[in-house]
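Undergrad: On the provided structure of chain A, position chain B as indicated by the hints.
Protein chains: 2
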Amino acid sequence: MDVKDLYQKIDKLINKEVTLTGWIRNHRKQKEFGFIDFSDGTCFKHVQLVYHNDLTNFEEITKLKIGSSIEVVGTVIKSEGSGQDYEVNVQSIKLLGDCPDDYPIQPKRHTREFLRDEAYLRPRTNLFQAVFRVRSVAAMAIHTYFQEKGYIYFHAPLITASDCEGAGQMFQVTTLDLKRIAKSGEVDYSKDFFGKTAGLTVSGQLEAETFAMAYKKTYTFGPTFRAENSNTKTHASEFWMIEPEIAFCDLEADMDIMEDMLKYIVQYVLDKCPDEMSFFDSFVEKGLLDKLHKLLTSKFTRISHHDVIKILKEAKVKWEFTPEYGEDIAKEHEKYITEYFNGPVFIKDWPKDIKAFYMKQNSDGETVAAVDLEVPGAGELMGGSQREEDYDKLVHRMEELGMEKNGLDWYLNLRRFGGCVHSGFGMGFERLLIYLTGVENIRDVIPYPRTPGNCDY
Amino acid sequence: MDVKDLYQKIDKLINKEVTLTGWIRNHRKQKEFGFIDFSDGTCFKHVQLVYHNDLTNFEEITKLKIGSSIEVVGTVIKSEGSGQDYEVNVQSIKLLGDCPDDYPIQPKRHTREFLRDEAYLRPRTNLFQAVFRVRSVAAMAIHTYFQEKGYIYFHAPLITASDCEGAGQMFQVTTLDLKRIAKSGEVDYSKDFFGKTAGLTVSGQLEAETFAMAYKKTYTFGPTFRAENSNTKTHASEFWMIEPEIAFCDLEADMDIMEDMLKYIVQYVLDKCPDEMSFFDSFVEKGLLDKLHKLLTSKFTRISHHDVIKILKEAKVKWEFTPEYGEDIAKEHEKYITEYFNGPVFIKDWPKDIKAFYMKQNSDGETVAAVDLEVPGAGELMGGSQREEDYDKLVHRMEELGMEKNGLDWYLNLRRFGGCVHSGFGMGFERLLIYLTGVENIRDVIPYPRTPGNCDY
Numbered sequence: 239m240d241v242k243d244l245y246q247k248i249d250k251l252i253n254k255e256v257t258l259t260g261w262i263r264n265h266r267k268q269k270e271f272g273f274i275d276f277s278d279g280t281c282f283k284h285v286q287l288v289y290h291n292d293l294t295n296f297e298e299i300t301k302l303k304i305g306s307s308i309e310v311v312g313t314v315i316k317s318e319g320s321g322q323d324y325e326v327n328v329q330s331i332k333l334l335g336d337c338p339d340d341y342p343i344q345p346k347r348h349t350r351e352f353l354r355d356e357a358y359l360r361p362r363t364n365l366f367q368a369v370f371r372v373r374s375v376a377a378m379a380i381h382t383y384f385q386e387k388g389y390i391y392f393h394a395p396l397i398t399a400s401d402c403e404g405a406g407q408m409f410q411v412t413t414l415d416l417k418r419i420a421k422s423g424e425v426d427y428s429k430d431f432f433g434k435t436a437g438l439t440v441s442g443q444l445e446a447e448t449f450a451m452a453y454k455k456t457y458t459f460g461p462t463f464r465a466e467n468s469n470t471k472t473h474a475s476e477f478w479m480i481e482p483e484i485a486f487c488d489l490e491a492d493m494d495i496m497e498d499m500l501k502y503i504v505q506y507v508l509d510k511c512p513d514e515m516s517f518f519d520s521f522v523e524k525g526l527l528d529k530l531h532k533l534l535t536s537k538f539t540r541i542s543h544h545d546v547i548k549i550l551k552e553a554k555v556k557w558e559f560t561p562e563y564g565e566d567i568a569k570e571h572e573k574y575i576t577e578y579f580n581g582p583v584f585i586k587d588w589p590k591d592i593k594a595f596y597m598k599q600n601s602d603g604e605t606v607a608a609v610d611l612e613v614p615g616a617g618e619l620m621g622g623s624q625r626e627e628d629y630d631k632l633v634h635r636m637e638e639l640g641m642e643k644n645g646l647d648w649y650l651n652l653r654r655f656g657g658c659v660h661s662g663f664g665m666g667f668e669r670l671l672i673y674l675t676g677v678e679n680i681r682d683v684i685p686y687p688r689t690p691g692n693c694d695y
Numbered sequence: 239m240d241v242k243d244l245y246q247k248i249d250k251l252i253n254k255e256v257t258l259t260g261w262i263r264n265h266r267k268q269k270e271f272g273f274i275d276f277s278d279g280t281c282f283k284h285v286q287l288v289y290h291n292d293l294t295n296f297e298e299i300t301k302l303k304i305g306s307s308i309e310v311v312g313t314v315i316k317s318e319g320s321g322q323d324y325e326v327n328v329q330s331i332k333l334l335g336d337c338p339d340d341y342p343i344q345p346k347r348h349t350r351e352f353l354r355d356e357a358y359l360r361p362r363t364n365l366f367q368a369v370f371r372v373r374s375v376a377a378m379a380i381h382t383y384f385q386e387k388g389y390i391y392f393h394a395p396l397i398t399a400s401d402c403e404g405a406g407q408m409f410q411v412t413t414l415d416l417k418r419i420a421k422s423g424e425v426d427y428s429k430d431f432f433g434k435t436a437g438l439t440v441s442g443q444l445e446a447e448t449f450a451m452a453y454k455k456t457y458t459f460g461p462t463f464r465a466e467n468s469n470t471k472t473h474a475s476e477f478w479m480i481e482p483e484i485a486f487c488d489l490e491a492d493m494d495i496m497e498d499m500l501k502y503i504v505q506y507v508l509d510k511c512p513d514e515m516s517f518f519d520s521f522v523e524k525g526l527l528d529k530l531h532k533l534l535t536s537k538f539t540r541i542s543h544h545d546v547i548k549i550l551k552e553a554k555v556k557w558e559f560t561p562e563y564g565e566d567i568a569k570e571h572e573k574y575i576t577e578y579f580n581g582p583v584f585i586k587d588w589p590k591d592i593k594a595f596y597m598k599q600n601s602d603g604e605t606v607a608a609v610d611l612e613v614p615g616a617g618e619l620m621g622g623s624q625r626e627e628d629y630d631k632l633v634h635r636m637e638e639l640g641m642e643k644n645g646l647d648w649y650l651n652l653r654r655f656g657g658c659v660h661s662g663f664g665m666g667f668e669r670l671l672i673y674l675t676g677v678e679n680i681r682d683v684i685p686y687p688r689t690p691g692n693c694d695y
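Protein chains in written order, with this note's numbering: chain A, 239 to 695; chain B, 239 to 695.
Repeated chains share a single entry, so a pair holds when one copy, or any two copies, can fit it.
Mimicking DSS-like on lysine-lysine, the simulated pairs with C-alpha atoms at most 27 Å apart in a straight line are: (1) Lys569 - Lys593; (2) Lys387 - Lys283; (3) Lys510 - Lys387; (4) Lys471 - Lys429; (5) Lys316 - Lys301; (6) Lys573 - Lys593; (7) Lys569 - Lys551; (8) Lys254 - Lys387; (9) Lys283 - Lys267; (10) Lys417 - Lys434; (11) Lys387 - Lys250; (12) Lys429 - Lys417; (13) Lys421 - Lys434; (14) Lys631 - Lys332; (15) Lys301 - Lys631; (16) Lys631 - Lys303; (17) Lys242 - Lys267; (18) Lys471 - Lys434; (19) Lys316 - Lys283; (20) Lys316 - Lys332; (21) Lys387 - Lys501; (22) Lys471 - Lys346; (23) Lys551 - Lys573; (24) Lys242 - Lys387; (25) Lys643 - Lys417; (26) Lys332 - Lys387; (27) Lys471 - Lys529.
Quick caveat, the hints were computed from the structure, so don't treat them as lab data.
Chain A extracted, bound-state conformation (with noise of 0.2 Å):
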């Protein structure tokens, strides 16, 4: 039986007999009696299991050691002590895998920076344990979310010969012997797997606007990838985004739904990791649950990028960064923001040229139909836009920031053939689980991250 499902029929198993296997997280022993606090993963709760001297291997039980596997049987009863509900009174408990005492997870605070040298043990910590719950149960959540209404789940190719939009460098993928390039001092593409250089995608925006006019409704939810040379809190050079597209639908629709599917996912997890989340909210972010729950109950502001530097150049603030039209707005800019309206705030229409070519241009020829989502205590969440669906004007677009159009003829020809107001939007799934769990690093909410110089497992 799991944990879990102990817990959740608890009422018809008093004074039953139950079977568990997991792990001793923390185990204190007295002469006649013991306390073992054990856990087998399936939820976050531990069971206190109780044994007694009356047991033929009492002695034995009493060397079991943090971090090993047991197998046990015994009786689910109230408790009387303080801390949990009930315990299990064991009858037997089997050793299945020994640990030793060199055993790095011991029942004490470890740093973060410790557990990420150690990252394969790290899940077995409340912290992280709760983490990639929610890492689980948050992706879940996307996933019934579009499919519910109806979105095709579709895979954009992570090796790919185009790069969307140059949004960072990309990672070169090839089969071609570096050594034997060194030696015969030659380059050949045509021998490489694809016949030409190849990379990993940073954005499967472009693939998903093909499918979007295929089915009108579409999400990708894949890995991406940077190579960014960046050692900061919020980079990884692997990390998985969210990227649905909507045919029929213009920049104020895109909204109603990147704050509808944000409303959605932080109900659904706060529905089922209420004891993860209650953690976090003790103890990792106080006034997490009040933040969240105040999203949930938040009408989003919606406020031109022009606008929001008036407001921005008008407040009684010295800032870092000057914040001026026709520029992007630092971190400090968004956090006002926020805060200036007490809730999530979408930011729209922004200017041109620091956002990307596929944009839809506004009639003022000045910004673009884009909008990011700034919401409170993160920041910018998401981002999006009306796309381009004018032919013309598109390929205008391309030619003046001087981009290649030879081998994107497809993505425009979605113009041509039967093309549509559509818009889409972009997630980082790790920025939003820093935004859910309070973790602050990046490098937290990933299993195995990959950073500049950080390649294990």
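TA: Okay, now just chain B, sitting in the frame of chain A:
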């Protein structure tokens, strides 16, 4: 309104006005009226639009071209024509996006080869519309199955420094400048992004085991890569895999899960995609529905590799490849054995020399606790094994095979730190889709397939 919703609420919509946006799939016009075959991609069924010459822009409407996107306002009525029960009597049609005569997707039979060249348009055809919806729904079936049973969804790293099983050649991932290498005559991996050689994963299993030892039950569902230079119907360089890992689970229980999961997915897809599945049954693989329904009620046979070879040797068949104890079996053998047992067959206890290093060594010293699932009409659909939980045996096997232990310390340590009997399996998602749809070529179940020399989009 989506066409999907229209059909779901059709009874309540009779004689009501609806507004639809979507695309013209076909158009037949006569002097006094016309029919438009209309689809918005939200369901497999199309809608017939009927318009008459009492519309002010009748002439314009007759000129609408196949592939164009339109907005229609009309009244839902019962159809008197054959081929559909309902149709929409048009009040107005607005052209949203025109489509020229050179639009490649015309209402006629296109070969799959032709459509592969126009991969970005093929989801607009009936066949691929159905294939990629089933792909999306099957993915959801998998997530739902595991999440409802409390499995943790694990995102395995894609870029990795470890080669799981040498199961195929790995793609190399690099940020080194190949031209500079050619010029300098030197490769310095310490200057590469990760400070060492890195590649694209061929399996997330080893990492998934770390999660099984923390959460008891976990599954991956993500892309994997093989730089194998094979141009066959079943090989792609980039494909999606499902890899569950379960602690406290032996090979027999592993097979229980494999069988239960497969039946769940098949039932889920049959329930959610009846129109698509009928289409495949009629036009792609005659008898597909019978095959799948039969699977649902089949008892899966469990038999050892040894006994399978015995049956094959005794069979009065002229084999192309002679079946041998200690060797792998060929496609013709797979086919024979599922026909012999008239249903799915788990072949277990394989010769250790043809299986991976991490598989549980059986006490006979000759075989490992590995299993392949063979299904009628598709051959091998999944492969799994109990994992070797004995540290010494595992190390010994790695030494026998001349494997590098450095870099796999963490994997070995799972056996030292509370190890236990555990098992898992892998299923290629595209192999499942080929089985579910009857579409034979892996290039036709992946939106943008990657194969040697092929990396478009």
